[in-house]
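Protein sequence lines, in the order shown, are assigned to chains A and B.
Residues in the first sequence are numbered from 1 upward in steps of one, following my numbering.
Residues in the second sequence are numbered from 115 upward in steps of one, following my numbering.
Quick caveat, the hints were computed from the structure, so don't treat them as lab data.
Just so you know, even glycine gets a beta-carbon here, dropped at the ideal spot from N, CA and C.
Any given hint might turn out to be false.
Said to hold, decoys possible - Coverage of chain A stretches by chain B, computed from C-beta distances (three or more under 8 Å per stretch; other residues unrestricted): (1) 44-56; (2) 102-113.
As the list claims (entries may be wrong) - If you only want the chain B side, here are some residues facing chain A, beta carbon under 10 Å, derived: (3) V118; (4) R125; (5) I126; (6) Q151; (7) L157; (8) Y162; (9) D170; (10) G172; (11) N176; (12) Y178; (13) E186; (14) C205; (15) N214; (16) F218; (17) G221.
Claimed, not checked - In silico lysine to aspartate or glutamate, DMTMM-like type, Cα no more than 20 Å apart, as pairs: (18) A:K106 - B:D152; (19) B:K171 - A:D94; (20) B:K158 - A:D100.
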Amino acid sequence: DQQVKQNSPSLSVQEGRISILNCDYTNSMFDYFLWYKKYPAEGPTFLISISSIKDKNEDGRFTVFLNKSAKHLSLHIVPSQPGDSAVYFCAVGDSGGGADGLTFGKGTHLIIQP
Amino acid sequence: NAGVTQTPKFRILKIGQSMTLQCTQDMNHNYMYWYRQDPGMGLKLIYYSVGAGITDKGEVPNGYNVSRSTTEDFPLRLELAAPSQTSVYFCASSTGGFGNTIYFGEGSWLTVV
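Full structure from sequences and hints, please.
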């Protein structure tokens, strides 16, 4: 049973427009949330995070929104650029739980079209 | 700034063979992890370690073994390789604690035939 769901396996967006990637989680004990970006033949790289005490975190073109009541987070990229084409993984953690790292979604393949 | 380094990058194994994936990190992180990623799937935790001499099973440990004799190194051993172990393997490390950001190596592509 998936604890973290990214329901869109792929998303195509025109260059310059906004990309919105979504993630849902099931366990209300999760209290920090991250997005990772992965290019082919490379390891995932950390992009942006948010803790449960906030509902928004911005870093340049990237903004993560957290809706705790809906157990939903989203990543907004604006404006989208060709280099943003990659697979994006949502990851969640529970600071009160064990040391067993993060739980990842299956990823969304973002394709930025010129 | 090497970060997390994995070797080999690519390997083909025959069914029943054994091998070790090497992982080393130079960030003095206490926490280390091995994940695997199957096509179209997220990363699944195989084993993790919170410090030298301490290891524990993750979600999918069967068919694997690990050791952690130093802070820097966390090798993953595959015994009696099976086709189901064909996957991409990622080693990772972190400082642990709240807001844990995990840093990944570049991956090791393993095919069992």
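Unsatisfied constraints (hint numbers, rising): Result: hints 4, 5, 11, 12 and 13 break, sorted rising.
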